[in-house]
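Participant: These protein sequence lines map, in sequence, to chains A and B.
Mapping of the first sequence onto the working numbering: position 89 corresponds to residue 89, and the numbering continues sequentially without gaps.
Mapping of the second sequence onto the working numbering: position 5 corresponds to residue 5, and the numbering continues sequentially without gaps.
Bear in mind the hints are in silico, worked out from the structure with no lab data behind them.
Any given hint might turn out to be false.
Here are some, though not all, of the chain A residues that point toward chain B, as calculated from beta-carbon distances under 8 Å [said to hold, decoys possible]:
id: 1; residue: Tyr39
id: 2; residue: Ser43
id: 3; residue: Pro44
id: 4; residue: Ser84
id: 5; residue: Thr86
id: 6; residue: Phe97
id: 7; residue: Pro101
id: 8; residue: Gly102
id: 9; residue: Val107
All figures in this text were calculated on a predicted structure; none of them were measured in a lab.
Cβ atoms here follow ideal geometry from the backbone N, Cα and C, with glycine treated the same way.
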Amino acid sequence: QKEVEQNSGPLSVPEGAIASLNCTYSDRGSQSFFWYRQYSGKSPELIMFIYSNGDKEDGRFTAQLNKASQYVSLLIRDSQPSDSATYLCAGNYGQNFVFGPGTRLSVLP
Amino acid sequence: DTAVSQTPKYLVTQMGNDKSIKCEQNLGHDTMYWYKQDSKKFLKIMFSYNNKELIINETVPNRFSPKSPDKAHLNLHINSLELGDSAVYFCASSQGPNLGQPQHFGDGTRLSIL
Chain A
1 QKEVEQNSGP LSVPEGAIAS LNCTYSDRGS QSFFWYRQYS GKSPELIMFI
51 YSNGDKEDGR FTAQLNKASQ YVSLLIRDSQ PSDSATYLCA GNYGQNFVFG
101 PGTRLSVLP
Chain B
1 DTAVSQTPKY LVTQMGNDKS IKCEQNLGHD TMYWYKQDSK KFLKIMFSYN
51 NKELIINETV PNRFSPKSPD KAHLNLHINS LELGDSAVYF CASSQGPNLG
101 QPQHFGDGTR LSIL
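Isolated chain B (complex conformation) (with noise of 0.2 Å):
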């Protein structure tokens, strides 16, 4: 009874593709994150969304776009995938977005672009 999981585990695909990561929580949590970890292994958050709205949207490439269906679901789509998109992409849920509510990572999708 996973908590958080991401679809694919590993991704490697070619400069210029497109591709998708998927997430999704049973937890019952109302807010869900997109981290990326880079080679140096620094955890920065991406987007996050709470009840299938955006609440932060980092500084990113719009390549990247999410996609909240419903409230337990947060997927990522790349556009033209570049050899700097290569790290970690973490999903994570919390119950919601304030006051510090913690969070529980999903174990990761390692993107490798050749």
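Next comes chain A alone, as it looks inside the complex (with noise of 0.2 Å):
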């Protein structure tokens, strides 16, 4: 069975710290990963997506992959009030992608 873990929350922050998520994953065969962000009751829209070891920046947004320790985080710095929403972490198994149950996060103003 293949797994992708997160902490439901929810993740309190106040607006403009550090927020951050985490994710772990029990296949090691898994190729790539993906940060989705969904607000209540609208569709996942793609914030980023990591292949390889190590961080990828874009923005306020950060995604960090350690593949010998299986996981995944996304930081996000300057947190707004508009990031609250539910942040969904998913792994690529080949053909087939399997997401976690996602992260509430809060941004306190």
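Take the two lone chains and join them into the complex the hints point to.
Facilitator: Dropping the structure here:
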């Protein structure tokens, strides 16, 4: 059973702080990972994807992948109230795609 | 110019009925997916088609039958609807099925069974 695990939260951070979201996966065969943001009642939207070990930065977002430890994280710098949403981690296993249960982030003004 | 569009957006129907949800993408992608998101917000893949061919068929009741008339369309037909089928169904597409191509989601179809 291929699994992607996340802390369901809610994770509360003050506005302007760094929000750190974590994800672990069970299958070392996974090749790539994705972070999606889902606002309540809306569809998931892709924020970032990462294939290689290390960090990948895009604006206020940094994805980190550590294949040896089998975890992926997403850092959101200068968090804004508009970042309040559920963040879904997903792993690709060949042709299959497995989502974690999501972490609810609340950024407090 | 919606990339992945689903219809209908809302579907309220009675137990035992048969219903269909349609999905179309204009991104030129080869691969399309159906996901179910239950009340606990867990997003789970149901089916995937690549160029009209079924490549992923997860453990779902055979009351659910996908159909892909061409690579831009993937429809989902559900027979004999049950209370447990109430969920949001998302269609998605990606450039290809391998190497983790990012997926683009439709707005979802909210299915409620009375």
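Participant: Now tell me if each hint is right for this structure.
Facilitator: Against the structure, the hints come out as follows:
Of the supplied interface hints, the one on Tyr39(A) is violated, with its beta-carbon coming no nearer than about 12 Å to a beta-carbon of chain B, more than 8 Å. Given hint, Ser43(A) at the interface with chain B, holds; its Cβ is 4 Å from that chain's nearest Cβ, closer than 8 Å. At its closest, the beta carbon of Pro44(A) sits 5 Å from a beta carbon of chain B; the interface hint therefore holds under the 8 Å criterion. Contact between Ser84(A) and chain B, as hinted, is not supported at the beta carbon level, the nearest pair being about 15 Å apart and thus beyond 8 Å.
Nearest Cβ of chain B to the Cβ of Thr86(A): about 6 Å, under the 8 Å cut. The hint holds. At about 6 Å, the closest approach between the beta carbon of Phe97(A) and any beta carbon in chain B falls short of 8 Å, and the interface hint on this residue holds. Proximity of Pro101(A) to chain B holds as hinted, the smallest CB-CB distance being about 5 Å (cut-off 8 Å). Below 8 Å, beta-carbon pairs count as interface contacts, and Gly102(A) has one with chain B at about 6 Å; its hint therefore holds.
For Val107(A), the interface hint is violated, the least distance from its beta-carbon to any beta-carbon of chain B being 19 Å, above 8 Å.
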